[in-house]
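Novice: Letter by letter, the chains look like this.
2 protein chains.
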Amino acid sequence: MSDFAHERHKPPTPLDRPRELVVACAPVRSNVNLSRIVRAAGCCGVRRVICCGTAKVIGAIARDSLTPDNPAGLAVEVHRTLAPPLARLKADGYQLVGLEQAAGSQSLYTFAFERKTVLVIGNERLGLDEDVLRLVHHVVEIPVYGLPYAHNVATAAAMALYEYCRQYPNG
Amino acid sequence: MSDFAHERHKPPTPLDRPRELVVACAPVRSNVNLSRIVRAAGCCGVRRVICCGTAKVIGAIARDSLTPDNPAGLAVEVHRTLAPPLARLKADGYQLVGLEQAAGSQSLYTFAFERKTVLVIGNERLGLDEDVLRLVHHVVEIPVYGLPYAHNVATAAAMALYEYCRQYPNG
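Protein sequences appear in the order of chains Y and V. Quick note on numbering: numbering that gives the first Met the number 0 labels position 71 of the first sequence as 70, and the sequence is numbered without any gaps. Quick note on numbering: numbering that gives the first Met the number 0 labels position 150 of the second sequence as 149, and the sequence is numbered without any gaps.
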């Protein structure tokens, strides 16, 4: 016998307070990527995902992250463009943190998130528009060491969600 | 103008030494998930991915992580079963770390990886087999806070790869 036993339905970690992390996605090329981000956000206890344009969450990928049974109460809002809701969140005291490979960025390894954060995720190819880059307080990026030299957008988002949760393990 | 400018082809971070992280995947249900793991491993500078059974990497997803041009020199090996190559790596001094929701696991947030690590990734549904669980030194898991209460396997692998690279930012 090993010391470990697979537990398929282990209970989740309780949060001491609701997550004050919002995920905001620029218009993405792939609703598969968006849906993967929604599933990861659901698992992280995120309550609000903002997306744009023709975004549509695919249930088979996002799983039951959007069910009304989710104690985190995750909701996905679709806006026409990203800048107006971001400007409102900024006025509400959120720190806006872009995630992309950019000049002027900081490494995700050493970036200290504020609790009230909006993680702003760019388009797979185009990253974040200038009007959004003007709004964000910081840009973080994930060091890459080998080809293809850029993470898939949902993979990068997962890493950033993980890092935020590591810094705020209980909300 | 913002302080940030998108850089689509930013140069990678150099490693001071080759990555001594190996990724080993149990037979996965989805070659899409496997290919996503290969792309993420490629970006992390991993040089060796071990997979099993009918595993097949999809080029459009893994991108050029497997090109001979990759300075990290990533290679994917397909084995019939996972235990024999894992046993050999263990004999070679690698620490074997399973990634799954399991009794007896440690949190990825606080787990200190050894440099010579094999990250062992379970099947989407079944996790890791008993013969593999008997071999691993540790099992780590990623806390989840909301539905669907389990990360996608490629998402979880991305988070663990990130955490390893955070601990060894230069190899």
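Because the hints were derived from the structure by calculation, they are not lab data. Misleading hints may appear alongside valid ones.
Copies of the same chain are indistinguishable here, so a pair counts whether it falls within one copy or spans any two.
In the DMTMM-like style, the derived pairs of lysine to aspartate or glutamate whose C-alpha atoms are separated by at most 25 Å in a straight line are [stated by the list, open to error]: (1) K89 to D63; (2) K55 to E6; (3) K55 to D2; (4) K89 to E76; (5) K115 to E162; (6) K89 to D68; (7) K9 to D128; (8) K89 to D2; (9) K9 to D130; (10) K9 to D91.
Novice: Of the hints given before, which are not true for this structure?
Specialist: 1, 2, 3, 6 and 10
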